[in-house]
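Chemist: Here is what each chain is made of, one letter per residue.
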Amino acid sequence: MNKGFRSMHPAVALLYYAGLLLFAALLFHPVFLLTEMIGVLSLLLMQRQGRHLLRALPFYLLMAGSVAVMNPLFSHRGANILFYLLDQPITLEAVLYGVMMMLVLLTIFIVFRSYNYTVTTDKFMYLFAAAAPRTALLSLMAIRFVPLFQRRLRQITLIQSTRGINVNSGKLRKRMKDGMTLLKVLLTWSLEEALQSADSMKARGYGIRKRSTYGIYKLDRQDIWILIVLAVSGLCTLLGWLQGYAMLEIYPRMKPAVFSWGEAAMFASFCLFVLTPLGLEGKEKWLWRSSRRSGYPSVTPMKAGIRSMSFRSR
Amino acid sequence: MARFRFPLLIALALFVVILALTAALKDRHYILLSLVLVAAALFPLFVRLERRALESRELVLLAVLSAVAAVSRIPFAALPSVKPVSAIVILSAYVFGAEAGFIIGAVAALVSNIYFGQGPWTPWQMFAWGMVGLTAGWLRNTRWMRTRTGMLIFGFIWGFLFGWIMNIWYIISLPDAFSWGLVAAAYASSFYFDLAHALSNVFFLSLLAGGWIKVLQRFRKKYGLLQQE
Amino acid sequence: MLCGPSGCGKTTLLRHLKRELTPVGTGSGTLKYQGQLLAELSPERAAGEIGMVFQNPDAQIVMDTVWHELAFSMENMGYPPSVMRSRLAEISGLFGLEPLLYKSVHELSGGQKQLLNLASVLLLQPKLLLLDEPTSQLDPVAAREFIGILQRLNEEMSMTIVISEHRLEEVLPLADRVLLLEDGALKAEGSPREMVRRIGKELSSSHLAYLPTAARLFLRLSPEAEYAELNSLPLTVREGKQWLQKRRLLETDAKGMAVAGSVANTGLSTDAEVLLNCREVTFRYEQDGPEVLKKLSLLLFRGELLTIMGGNGAGKSTLLHVISGLAKPQRGKAELAKGVSAGYLAQNPLLYFSQDTVLEELQHMAHYAGMTEAESQHEIAELTAIFQLQDLWGSHPQDISGGQQQKVALAMVLLLKPDILLLDEPTKGLDPGAKENLASLLLHLRSQGASIIIVTHDVEFAARHASRCAMLFDGGITAEGTPESFFSANYFYTTAVNRMVRDWLPQALTIEDVN
Numbered sequence: 077m078n079k080g081f082r083s084m085h086p087a088v089a090l091l092y093y094a095g096l097l098l099f100a101a102l103l104f105h106p107v108f109l110l111t112e113m114i115g116v117l118s119l120l121l122m123q124r125q126g127r128h129l130l131r132a133l134p135f136y137l138l139m140a141g142s143v144a145v146m147n148p149l150f151s152h153r154g155a156n157i158l159f160y161l162l163d164q165p166i167t168l169e170a171v172l173y174g175v176m177m178m179l180v181l182l183t184i185f186i187v188f189r190s191y192n193y194t195v196t197t198d199k200f201m202y203l204f205a206a207a208a209p210r211t212a213l214l215s216l217m218a219i220r221f222v223p224l225f226q227r228r229l230r231q232i233t234l235i236q237s238t239r240g241i242n243v244n245s246g247k248l249r250k251r252m253k254d255g256m257t258l259l260k261v262l263l264t265w266s267l268e269e270a271l272q273s274a275d276s277m278k279a280r281g282y283g284i285r286k287r288s289t290y291g292i293y294k295l296d297r298q299d300i301w302i303l304i305v306l307a308v309s310g311l312c313t314l315l316g317w318l319q320g321y322a323m324l325e326i327y328p329r330m331k332p333a334v335f336s337w338g339e340a341a342m343f344a345s346f347c348l349f350v351l352t353p354l355g356l357e358g359k360e361k362w363l364w365r366s367s368r369r370s371g372y373p374s375v376t377p378m379k380a381g382i383r384s385m386s387f388r389s390r
Numbered sequence: 002m003a004r005f006r007f008p009l010l011i012a013l014a015l016f017v018v019i020l021a022l023t024a025a026l027k028d029r030h031y032i033l034l035s036l037v038l039v040a041a042a043l044f045p046l047f048v049r050l051e052r053r054a055l056e057s058r059e060l061v062l063l064a065v066l067s068a069v070a071a072v073s074r075i076p077f078a079a080l081p082s083v084k085p086v087s088a089i090v091i092l093s094a095y096v097f098g099a100e101a102g103f104i105i106g107a108v109a110a111l112v113s114n115i116y117f118g119q120g121p122w123t124p125w126q127m128f129a130w131g132m133v134g135l136t137a138g139w140l141r142n143t144r145w146m147r148t149r150t151g152m153l154i155f156g157f158i159w160g161f162l163f164g165w166i167m168n169i170w171y172i173i174s175l176p177d178a179f180s181w182g183l184v185a186a187a188y189a190s191s192f193y194f195d196l197a198h199a200l201s202n203v204f205f206l207s208l209l210a211g212g213w214i215k216v217l218q219r220f221r222k223k224y225g226l227l228q229q230e
Numbered sequence: 253m254l255c256g257p258s259g260c261g262k263t264t265l266l267r268h269l270k271r272e273l274t275p276v277g278t279g280s281g282t283l284k285y286q287g288q289l290l291a292e293l294s295p296e297r298a299a300g301e302i303g304m305v306f307q308n309p310d311a312q313i314v315m316d317t318v319w320h321e322l323a324f325s326m327e328n329m330g331y332p333p334s335v336m337r338s339r340l341a342e343i344s345g346l347f348g349l350e351p352l353l354y355k356s357v358h359e360l361s362g363g364q365k366q367l368l369n370l371a372s373v374l375l376l377q378p379k380l381l382l383l384d385e386p387t388s389q390l391d392p393v394a395a396r397e398f399i400g401i402l403q404r405l406n407e408e409m410s411m412t413i414v415i416s417e418h419r420l421e422e423v424l425p426l427a428d429r430v431l432l433l434e435d436g437a438l439k440a441e442g443s444p445r446e447m448v449r450r451i452g453k454e455l456s457s458s459h460l461a462y463l464p465t466a467a468r469l470f471l472r473l474s475p476e477a478e479y480a481e482l483n484s485l486p487l488t489v490r491e492g493k494q495w496l497q498k499r500r501l502l503e504t505d506a507k508g509m510a511v512a513g514s515v516a517n518t519g520l521s522t523d524a525e526v527l528l529n530c531r532e533v534t535f536r537y538e539q540d541g542p543e544v545l546k547k548l549s550l551l552l553f554r555g556e557l558l559t560i561m562g563g564n565g566a567g568k569s570t571l572l573h574v575i576s577g578l579a580k581p582q583r584g585k586a587e588l589a590k591g592v593s594a595g596y597l598a599q600n601p602l603l604y605f606s607q608d609t610v611l612e613e614l615q616h617m618a619h620y621a622g623m624t625e626a627e628s629q630h631e632i633a634e635l636t637a638i639f640q641l642q643d644l645w646g647s648h649p650q651d652i653s654g655g656q657q658q659k660v661a662l663a664m665v666l667l668l669k670p671d672i673l674l675l676d677e678p679t680k681g682l683d684p685g686a687k688e689n690l691a692s693l694l695l696h697l698r699s700q701g702a703s704i705i706i707v708t709h710d711v712e713f714a715a716r717h718a719s720r721c722a723m724l725f726d727g728g729i730t731a732e733g734t735p736e737s738f739f740s741a742n743y744f745y746t747t748a749v750n751r752m753v754r755d756w757l758p759q760a761l762t763i764e765d766v767n
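Residue numbers (the numbering used here), protein chains in the order written: chain E, 77 to 390; chain S, 2 to 230; chain G, 253 to 767.
What you were told as hints is all true, and nothing was included just to trick you.
Pairs of lysine-lysine residues, derived as DSSO-like cross-links and limited to a Cα-Cα distance of at most 30 Å, are as follows:
1. G:580 with E:253
2. G:669 with E:260
3. G:680 with E:260
4. G:669 with E:253
5. G:355 with E:361
6. E:260 with S:223
The set of hints was computed from the structure by calculation and includes no laboratory data.
My request is simple: use the sequences and hints to build the entire structure.
Modeler: Rendered as structure tokens:
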């Protein structure tokens, strides 16, 4: 399932998502936020993640929606008073500000949803290991233990039920207590076995010198190009932000948005940044479709395949 | 490339810090700044982990405890706020000390979120659970923590503190509406969740305390793990 | 090859050869590696040139994916990426790991995990490979594959290998030298054939258990074994059969061989009470999952010892779960006779322990069984005597040996007073002595009227101690019968003795059967 934007080098993905988060937090302008949100949403849909998104959407809407409601209730700044609620003025500006913050939060949530799909644990750890090798090693070991412990916990639950320890029957207190007994069995067993893991680490030379890192990822030409495109367009956007573009001034009084040439150029580079992965995804989809038509599937540059093969031939 | 990695990272971090400060000063918009601050809070302890000499046994022990804490979150996923993680982190810190407690809490948050989904809350959770472990480790030699009730009260307080820390990132998204009223409203709306967390902490601690401390101490003694002078 | 009973010091010796793992304690004497004191070796050489693989496949893995685990040891040594890449390619080719490379380690089978552990050690290109009972947790197919790879490493790469192992049939014929340890001292040493001769000549019969079947048969049938020529001593089934053929040519008269008078096991007694009746049981783990058991039918009579055999994933453990009530079949029924209960002992005894001492475990179980204080004291005392657990009462259940843990867990199950005892692979990882112990325990329980079902891969154990054998394949029982009829009908899946003598004595299964 590694294709399109997902098969790019982790650094590309990291730059992309870091940029998206940064812009979501910095750019306070509905057009920019909506563009970003729609861009990421379409990326998710192209990666067929719509169903997963739909499941989490109620929570997101609740969180973000509450912000939109809370702001006018507690902030009374602004010149245009709409009405009074319990003697408190509700202003148009505060409502708009709340809606903007809702947009910001929603965008952040959706960016993270896409991040979870694209940047798998492996990739994150690969990058993380560069900055904090030991923390990354520790986290990787914990990640390896989680499915193992889950399986053990299932076995323990099954077997301990033959001696009356189970979480499905009895009073709540007894059930929770039994649940904890099960966890204790897991803890004891796992700590005991972990000492063997430690031995096996030591036997394989852990700690005798500074570790190097092995990566299965290789920065290829396309990765570099995309990196450059993202970096340049991202920097242009930032420059625009420093110029004071893309900032909607709401307080004390909402100013009508003027779309200057500078702002338009900034918007263009922002679009380039947000939509590049979408283009990659689309290009691959189109290549597959056209290759199916022409009947030469082998001529399509399928990235995942190339990568695993280049690894062998080296 | 490897040679430039560290300076590059520092430069990058500085860049983000300055951006965040500018953003905060310019339009009083604190989302980015808060993230930077949380990262800064996590930073020194992780640096210590990177720097200090660590036996493979100690590393594995930390990994196992983090993983057990993370796994314990899964069966209770259906019940919001009922998380044995806090209790497990407190007990681990009680036996293995503040630093270990911090690492276990932070890594447990990071790892369990692989299953629950990473989000803007991940660094906050890492911070909150890390602090649970850190404080439990600091206080472990006080008379207060040595008593059972003391530990239960500690767990109860952290149930609320945890919720309050997690509320911060919600509140800072409304810089403009910041008022005691908003804080009160946010904390009131999370009150029942926090109370559930606090009570479940007390409950888990009262159940776990005896047996788990015995198990953990047995391992510490048996293998001379993470002994702090 | 190192052999000897559990606790004789095999592991301790191996750990002394691996500097990083040398046990804490006081010691004397010197260890030299290539003429240099082991303690003075540089850390890189000590870690890289001496590799070690342990017993438990799961506990040795520290990383989450296969490629990461493989890279782990090389990362420790600080190799540059290009070296790592080429070594990884080499080893993946050798072991056929390529299809697994990007898998998460928990998707692997036990045999694959152990291969991964071996490969990870081999990536450092060791000159000396230490293996501590590496196949004891594997099923026979995976074990044979693992041993095959060791043989290749030894023959094709000329790698020095020190292995401690209970699986003698396969390993001993490959060894250049065999060391027999006892109570921490070297009892005997020599080439495999020399060992056969020495054990036949001077050592006690308890050491016979450390010889492969062909050699034992030889010692039993030829009283003049000590004078035999060294090269004529058989070690493998093939050599054993050749020797028997030659012997038959020499002895043309009829007294050559015969089936021993009475075969120890009594066959089926159809009038015995039926304790368990499985009727067309169908079971699957998930709604859309495959059927693990398919309309399986099975009867169990009082006083029987039924062994159920079958390949990996044939559903053997699942069947025991269904019988013990831990899993509910979707169709059909596993019906216990009135007043009959079943007790289940899982493969891993650690699953049973939750208290701090052995005695507390037993008391907790007795309490759950609803016994009064006096009853439980009496019962526990009785079981303790049978299982010889007196000295362990105060120990932590995690601190005792694997065989002892199994005994404690079995005692706990027996406190529930089951009429049917279900054992999942009870002989896995046990040394020959412990196996005999277990067998006599089971015999004792049977004499008290219990029925026992064992699922196992251990053909020799089944042939020797079962009263009935059954084969589980594709979710159903495909063959069953007394061990004699069951195994003599098989061609591949039968005991070593049977494979040797089947041309003359198709019914003979164990050495005692041949006279």
